[in-house]
Each structure stands twice: as C-alpha cells, then as structure tokens.
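Peer 1: Build the complex: two chains, separate frames, hints provided.
Note that the protein sequences, when read in sequence, are chains A and B.
Position 64 (the first sequence) corresponds to 1317 in the numbering used here; numbering is contiguous.
Position 224 (the second sequence) corresponds to 226 in the numbering used here; numbering is contiguous.
Treat the hints as calculated values from the structure; they're not laboratory data.
You can trust all of the hints, since none of them are fake.
Partner residues are not named here, just some residues of chain A that face chain B (Cβ under 8 Å, in silico):
1. Val1403
2. Ala1410
3. Gly1412
4. Pro1425
5. Trp1502
If you want a taste of the chain B side facing chain A, the calculated C-beta under 8 Å gives, among others:
6. Ala67
7. Leu69
8. Leu91
9. Ser97
10. Pro100
11. Trp101
12. Tyr110
13. Gly111
14. Val114
15. Tyr142
For clarity, every value in this text was computed on a predicted model and none was experimentally measured.
Don't be surprised by glycine CBs; every beta carbon is placed ideally from N, CA and C.
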Amino acid sequence: MTTRRADRWLTAASPVLLLVTWEILSRTGVLDPRYVPPPSAVLVTLAALVRSGELPYHLAVSVRRILAGFLLGAVPAVALGLAMGLNRGVRAALMPVVASIYPIPKIAVYPLIIFYLGIGEASKVSIVALSIFFLVLLNTMAGVIGLDRVYFNIARAYGAGARGVFSTVAWPGALPAIFTGLKLGMGFALIVIVGAELLGSDAGIGFMIWQSYQIFDVEKMFAGLLVTAVLGWGATMALDAIERRALPWQPWAQL
Amino acid sequence: MITTTIPESVGGPAIAVSGLTHVYSGGLEPVTALAGISLEVRAGEFCALIGPSGCGKTTLLHILAGLIVPASGTVTVPTRRNGRLPAALVFQGVSTFPWFTVRENVEYGLRVLGVPAEARRERALRHLEQVGLTAFRDAYPHQLSEGMRQRVSIARALAVDPDVLLMDEPFANLDEQNRLLLQDELLRLWQASGKTVLFVTHSLDEAIRLADRVLVMTARPGRIKSEVAVPFPRPRHFREVRRDPTYGALSARLWDELRDEALKAAGR
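The following block holds chain B by itself, in its conformation from the complex (with noise of 0.2 Å):
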C-alpha cells in the first residue's frame, strides 16, 4: 500500500517507509527481497544506503519511485504536483536514451508530465547548463563520453524539480578519476537545491564522502541493520575529508558493519 502525503515541514520527514515488505513470486519459488525496512529520510539530507549485493536497494528504490507495487507495509513520499515529479530516479549504469538528443533526454520527464514544449526547452536548457552541457544540447548519447551521459541522467532527473532524488549506483561504471569529478558536482547540485537524497552505492568511501547519514542493509532477504552518522562539515573537500583521522575510524565502522553481511550474501 502507498500512501503519500506533502511533507509537514522543512526537516521533517521526505521519506518515510515502515514495515515494507516485498517478494518476487515469478521465479521458481518466491525470493523474499525485503523484508520489513524501516528508515526515514529527512527533507534536505543526503542519505547513503549500502548493502551486499543483491540485498534489495535496488527493490527499495524502486518501489519508492513507484515502479514497483510492495506486497505489505507502507511507504510515505511526497504528492505529485503540477509539471513536478515527486521522486525521481537516477538508473544504474548509463540510462539516457540513445535515439533522443541530449536536450530531449533531459526534457523527457518534462514530456511525459506534459509541460509545453516552449517551458520544457527552457527549463532542460537551465539544468544542462547546470552541468555544463549546454555546448552538447543537439548532440546524441553516442557522442558523448559515460561521465557526460550520466550527467544528462542526472540533470533528466532535477529537471522534474523532484522534491526526492533517487540515486541508484549512478557512478558505479565510471573511472575513478570521473566519479570523483561528479560526486564533486553532485554536492554542488545538491546543496544549490536542497533536494532530498538517497543514494544507493557499493562503495563505503563514496557514502562517507558525500552523506549526512549511511544506512547499512542487511544480506538478503534485506533489512536495515544500522545507521552511522557522518560529522564532517559541507561543503566537503575531498583532500581535507580524507586526511581526517576519523574518516578512516567511519570506514573501519562501516566495514564491520558491512563484513558479515558481505560474507552471506557471498555464500560464505
């Protein structure tokens, strides 16, 4: 069941899910994939969800996005309003569509929510350029490199002005070098528009690096086994995050909190 409701006030809760169960029944047999999450997000935080693979983040965004219908518990995300998205979600891998330009694709939420084509052009205008496009507006996905095409995806999802982004690995195919580069621009979006965040990632340094607050999941079938709070001060500096003494303590933390679950859904 999905209820949804407009937030009550600024730092109260964007989202809040409780008791939110979810199993797939087409395989063989039933996969349970979550099983009774918990968890709030507060309006204006950026939150990190890591978990072993296969835990259900991906189920959980999904289902926050409303793509998937869970089987019990209930999920609280904010309405949808006029020409805006409530949640909007940032795919894993590269998820821009090769047959639109790279304007189109930014414009496609916008589309499909049935701006005027004359508003839509402007406001996909104002996000490329937000992400330094705007010179590839009429070029296709091909051309441009992963790192690029992720930024479209992302600027695809803020130009639904979306009250909750949904992240899902967004950075996970990148090189290095590149995902540095666009944690680094995500946290300059983010608190130029103080959407909430919840990110879901495989990589500790990337939670530490860019939330307020990581959720550890459970091995599947998933669960929230613990939140760590993460004190450094925004904006945040790589180099300085890094040379903290209690950066490595959090990442030691998150590990032993991340280990064993690690290990089951291995098989170990």
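Excised from the complex, chain A in its bound form (with noise of 0.2 Å):
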C-alpha cells in the first residue's frame, strides 16, 4: 500500500513541479514572457476568459460536438464490431475496407467533409464520428475474438441460443475492449475536433486559439491548451469512472 501512495504522491506532484520550474523560469526572463508566459498569467487570462462568458461558450461548443460525435460513431461501430468478432462470414466481407479506411488520417477527410455537409455543426460531428468509430470497431471485434472458446462452450452446453449466447457471453466479454476502444477514441475525438475548429469553424476551442493567434494573444493560445488538456484528462476520468462502474469484475476495479 505504501508503494500506491508513493505512486499517488508522485503523480499530484509531477505536474505542479513541471509548473513551478516553468513559472520560475518565466519570471526570471530565461524564457521570454512575450513568447512564453508565466502559469499565473495563463491562469488570469483563463479567469477573464471564463468571466467574459467567451471560454464557457466556446469549451461548450467543443463538449457538444464531441459528445454527439461520440454517440454517431461509437453505437455503429460497437454493433458492427459485435457482428464481425461473432461472424467469420461478416468479417471476411468487412475487414479488407475496415483495414484500408482505418489508416487514413481523419484530418484529411475534413475538406471533403466540408465540402459534403457545409462549414456548420453536421461536418463538425461528422468528423469526430468518423475518427472513433474505426478504433471502436476494431477494439470491439478484437474483444470477442480474443474471449475463450470455453465461455462459448459453456453457455452452449447449458443449451443457450444465439441470443443467450450474445447477452451472457459476446457482451460482457468484449466489453473490457469495448471501453479501451471508447478510451483511445476520446483522445482522438478531442485531436481531431480541435483540428477541425482550427481549419474552418466560428467556434469551439480549436477556434479560439486560431482567432488568438491571428492577433497574436499568446496568453489566450496557452489558455486553449490548457482547457484541450483538462478537457481531455476529464474525459479519461470520466469514461474511467464509467468502466469501473460498469465493469465491477475486472481484477483493478475494485482498487
């Protein structure tokens, strides 16, 4: 136990030293306030960005297209992925496209996608939906086929059907992936909406630090990284928070 609590220890404080060391730094001119700015002015634009209303509005824009895109991707690809890890005749027809598609960088769909569904909320969605939903799928059909024969076996024997066989088996067997595939997918919906609102958007964080740079409002550009990595380390805790729940057998969710 005392190992965890070291662990802990150094995890609350690697951060805050990372900080410190880059304040002092600041502060004393080694690096260049004009280019890199101190934390503390960082977090007094953040204030003022959050009092203004100008931060909420954006980070909620952002929050909403990546929640619906989470949705639109991730129902599909559970469901095929379910279909492809139960059925060899499913997968054989799907795996040559999915495998060809998955490598693609989304980024560079988005000028086609723009140039399909317009500059306003549907390409935005679109987008994120597209980048999670090959990770989703490929993690999901992954987590059927790796189950044991035996737990197929078993339910077979006591004489479950296909369906008891998906609900007792397929299911929560392949959830575990299912969750690691959600966990990967959520750091690149939030690359690839912020990508998107840097290339064409009129809101959202991505955004934000693109209408920061063109007048050069350095303090405000480090204010938007800040909340892209809180909003991603929110997202992990988050969907962490949710896996523990839902899976309460896994060996660690009882840590």
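Peer 2: Listed below in structure tokens is the structure:
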C-alpha cells in the first residue's frame, strides 16, 4: 500500500513541479515571457475568459460536438464490431474495407466533409464520429475474437441459443475491449475536433486558439491549450469511472 | 444421430453409447477422433474414463453434452425436463464466467433454462451452501482461489439437477492438496445426490480413488480398450484405500493397459 501511496503522491507532484519550474523560468526571463508567458499569467487570462463568458461558450460548443460525434460513431461501431467478431463471414466481407480506411488520417478527410456537409455543426460531428468509429470497431471485434472459446462452449452446453450466447458471453466478455476502444477514441475525438475547429469553424476551443494566434494573443493561446488538456484529462477520468461502474468484475475495479 | 430416452429403471444405463465414430474434418486432413466407441454407464454409477492425451476423451464428453454432433453411432442420454438439464458438463480447467458473481455463475444454467429469478436464486444459494461458498456468493471469480472457482463450476453443474454429470479433468489444474480436498467433496456430493458421473482424468490415482469402474481408452482413434472394476467399499477414505494391497495391484493393472497406448500417443 505504501508504494501505491507513493505513486499517487508522484502523480500529483510531477505536474506541479513542472508548472513551478516553468513559472520561475518565465519570471526570471530565462524564457521570454512575450513568447512563453508564466502559468500565473495564463491563469489570469483564463479567469478573464471565464468571466466574460467567451471560454464557457467555446468550451460548450466543442464538448457538444464531441459528445454528439462520439455517440454517432461509437454506437454503430460497437454493433458492427460485435457482428464482425461473432461471424466469420461478416468479418471476411468487411475487414478489407475497414483495414484500408482505418489508417487514413481523418483530418485529411475534413475538406471533403466540409464540401459535402458545409462548415456548420454537421461536418464537425461527422469528423468526430468518423475518427473514433474504426478504433471502437476494431477494439470491439478484437474483444469478441479474443474471448476464450470455453465460455462459448459453456453457454452452449447449458443450452443457450444465439441470443443467450450473445447476452451472457459475447457482450459482457467484449465490454473491457469496448471501453479500451472508447478511451482511445476519446483522445482521438479531442485531437480531431480541435484540429477541425482550427481549419474551418466559427466557434469552439480550436477556433479560439486560432483567433488568438491571428491577434498574437499568446496568453490566450496557452489558455486554449490548457483547457484542451484539462478537457482530455477530465474525459479520461469520466470514462474510467464509468468503466469501473460497468465492469465491477475486472481485477482492478476494486482499487 | 442422437436419440434420447428416459432411463428405464434405477440401475439401468443412464448413458448408452454404441458404435460412436467422430471425424474432425476442419484441418488439413480429416482426423478420426473416435472409432466405434461403445459403452454404458449405469444410473448412479461413478465411472472414470482414462486414456492417453488426444485420444478423444473430451470429444466424447462434448458429444454426450450435445456440443458436437457425431458422424455416426447412437448416443442415449436422459431427456430434458422442465428446469433440468439431462447432462451437465464440468469443463477442463477453470471455467467460471469472470463477469458474473459466484451466485450468478451458479445460476447460469437455470437462467438459460428459463427458471424464474426468485427460484433460481434460491436453488443457487442451496448449492453454494453445499460447496461451502455461501460467504462468497457476491464475490467475482478473480477474488477466489482456483479450487474455489472449480467448486463454483461443480455447483453450477449440480444446480441444473442433471441425471448425468460429465466431468472433463476438472481438477487437473489444482495442486495436489486441493485436488485431494475436492475429490473428497465430489464423492460426498455424489453420494448425497445419486447422480451418474462420467469422469475423465489423466490420473490413475484419481480414477481408482473416485470410481466404481474405470474405462481405459486407446490412443487416437479412440476406442474403449478395457474396463477395470474398483472394489473398494463406500464411503471411501483415501488413507485406507492407499494402504489396501489391492490398490497397488489395481494401479499396476491400469498402467499395463494404458502404457502401450500412452507410448503410441507419444509417437514412439
């Protein structure tokens, strides 16, 4: 237990140490504060942005896009991933398509999406959905395929039909892999949405960063990055918490 | 072809297999796993099945459990009745579902059979008590030792109240002490329940210790080579059985039967 407490302490201390070092370097002029403002200045800017309502507005826009895109991408990805994991025919038919589209950087498809869907919300939600779809799909499929055959045999030996096998073996057995896919996907969703907002948008965290660049507001750019980092961290924490709730049977769930 | 009938009377055959042949055709060339197996297990009998690795023991059990449809031959096991399974299989190694609690694992067969939640909960708790795991009913398998998990598997099989218990090397992964404890426990459960047991094992000791009769299989393709009756009275006590001079003679006799087959299986 002592080791775990030490780990926790390190986890909390390392970012603080980094920020303190940064603050000192920037204040003493080792880092030019015009280019690299000290964290305290970034926090002051951040507070002002919150008070003015600018940050909450952009943050809400980005979060809404991520959530909508996440749902739109993850639900069909899980369904298709389960089908591909359970049925060799479906897998044989779809795997070539999936394997060839998966490695395309999704941000490179963004111009095409704008061309089809315009610059509004539909294109943002779609790019998020597209970017997480394949990750969740492949993880779900791997989760089903990786399940020990013995579990399927037990279900069948006790007389379970296709539906019983699905609900008592394939689905619960694949859930850990599905969560892995969702967590990886959350990171990608954030990367892609901020990227998309930089490229063509009129709102969102990415847009705020781009706008700050155009007026050389370095502190505001840093504030935008900070918010993005906190958003990613918060999303991961939230997914971890949901996973622990949903999968109490995992050995680490009781930590 | 599988036919199913209710055993005619107590003491009649609970399992009857005749001319059973099975060929696996999935691989590069077809593999004959079973070549004309015939055997009978009487109702209430504890029958052990030993044979060299790869001789088709597991295939035979999977056919009896209805997991595999055999190429030819007839298999007779009791028929399915309401809320019961004719033959329940305890799998090799540890085979509890990690995502279900201990109680949910024991309830599993009943759930598949469509037993209402309240009734299956009550039945599961009764069987958990029999294997001494009441305190662990809400634990998950990863919190249990292997021996305890195997107890859960046995309770799950007994919970569906089968006429026949098919066991596929259920204690193979346990250390010796746990194996001895679980063997005792299985004998106790068997004597209390009057079930028919077909118990596959690698271990001569285990076969002699548990069974009324030991069937010896040949190397692949598997057939029944011979059968050896085990005369020790019930209830059996390991220490007395070990001290009995008949024990050594039985063990030697079984090894004589098995040795050639084990050599064949090992490719010598």
